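Start counting the sequence shown at 888; every next residue gets the next number (our numbering).
Bear in mind the hints are in silico, worked out from the structure with no lab data behind them. Being a predicted model, the structure only gives us computed values, none of them experimental. Any given hint could turn out to be false.
[What the hints assert, rightly or not] Within a straight-line C-alpha distance of at most 30 Å, the following computed BS3-like cross-link-like pairs (lysine-lysine) qualify:
id, residue 1, residue 2
1, K1040, K1161
2, K908, K890
3, K1161, K890
[Unchecked claim] Across the chosen pairs, the derived CB separations fall in these ranges:
id, residue 1, residue 2, range
4, D1251, H1106, 44 to 54 Å
5, V1343, R1146, 28 to 38 Å
6, R1146, V987, 31 to 41 Å
Idealized CB from N, CA, C, for every residue including glycine.
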Amino acid sequence: MEKRAAYESVLPYVREWIAYKVWQLRLPGVQVAVGFEGQELFADAFGYADVEAGRRLTTSDLFRIASHSKTFTATALLQLADQGALRLDDTVGTFVPALVEAGSPIADATVRELMEMGAGVVRDGADGDHWALAHPFPDAEELVALVVAGGAKVPVGSAFNYSNLGYGLLGLVIEAVTGTRYADHVRTVITEPLGLTGTGAEFDPAREDEYVIGYTGLHTARTRQRVPHVTTGALAAATGFHGTASDLVRYFSAHVPGRGTLLSDHAKRLAQRKAWSALDSDPAARGYGAGFVVDRINGREVRGHSGGFPGQITQSVFDPASSLVVSVLTSSATGPATMLAYGIVHLLDAAADEHAPGAPVPADVDTDRYTGRFTTFEGITDIARVGERLLAIDPTQPVPTESPVRLEVVDADTLRMASGNRFGSIDEDIVFTRDDSGAIVSVRGDSGMTQRPWSVPEESPEVAAALV
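My request is simple: use the sequences and hints to build the entire structure.
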């Protein structure tokens, strides 16, 4: 099966899996998009944009995408470098003279070192309670003061240290070089050329009704609380952006080498090349390039970024080799955006795996006869079409394809559990019982237990999102 067709075959199940996870984890809202070869294959929204108002989430509602902002900042800087407006080895003090005047060692850090998080800048400063909304995010003067007070926590260029303040400084660099406001510059050179109508560098009060409401997590409480909208001051270049999953798929598709004119391929390689590992003990661990996170999912090397904002957690990944892009945006302070995005990649990979064990489903078999969600009080099983095969999947797992049971068609009402974890009932049958219309009434399968069809129930918004 051609890769695009394989991906498309599993997207109906991606929708069902996400819908279940939203219900299981009582998430307020989740927005998802998938792209391949520069085209959007899938976009959907689950839950609510505003729970109290009962406003359903749509694919055009705006999320605060937080540290995705760093990729936009890095992109703008690489564009300026390609144009000769600055050099990546220029020192930040050249553009932010207040650092030189204060005698800060950070003044000698280069633009490249700041982009790669190797400048030794403290992460958020001695008072980072703006993240808890205890006070406003710092303005430019306060940002510089936080950087000066923090000094260089390690020698410049000696280690990876993730820093929001460092990217705030890079926003000041862009303003110094261009003579325009950061938000205006990135709109002119990135979001408008790409047609990203749902993306901007800061909260826009004129579009307030389009934003999702963020909510607290359930890590220390049984119910969620509403989180107000805030602006990010001089940290917009680090965390201020808003956007949609569809916009992010379009944006990261433009970062695939050989695609689009956003950056030269040379600049894309500079941005996406791993400069540091996040773990000193493991050079192969997740790491950082110049504004882009570098990671591995299921053996494939991906780039992208996560975002953590008060009340919202987001994650986007793209594979520069294959052009696959996945973006997941959640409206909870503990939203599992990374788990969901990585789980989607695993499902897509499983669909495209031409060497998976088990026989493909015969071309004349209608797999809709078997697919669905079935449950007992002990567990839940999804039977899903994934590429050319049928799988039995446990949707409660963070990686849905981690231990699937591969199924083979025996007859119109029977599947064989052909391979999988042999602590289960491998080499035995799953038997379907149907009513007169042909609808599935029950399934008898693993451990010989009867399971019955089940779907996510309709609940009030407050119950569904854990506000009560």
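Return the numbers of the hints above that this structure violates; sort them in rising order.
none
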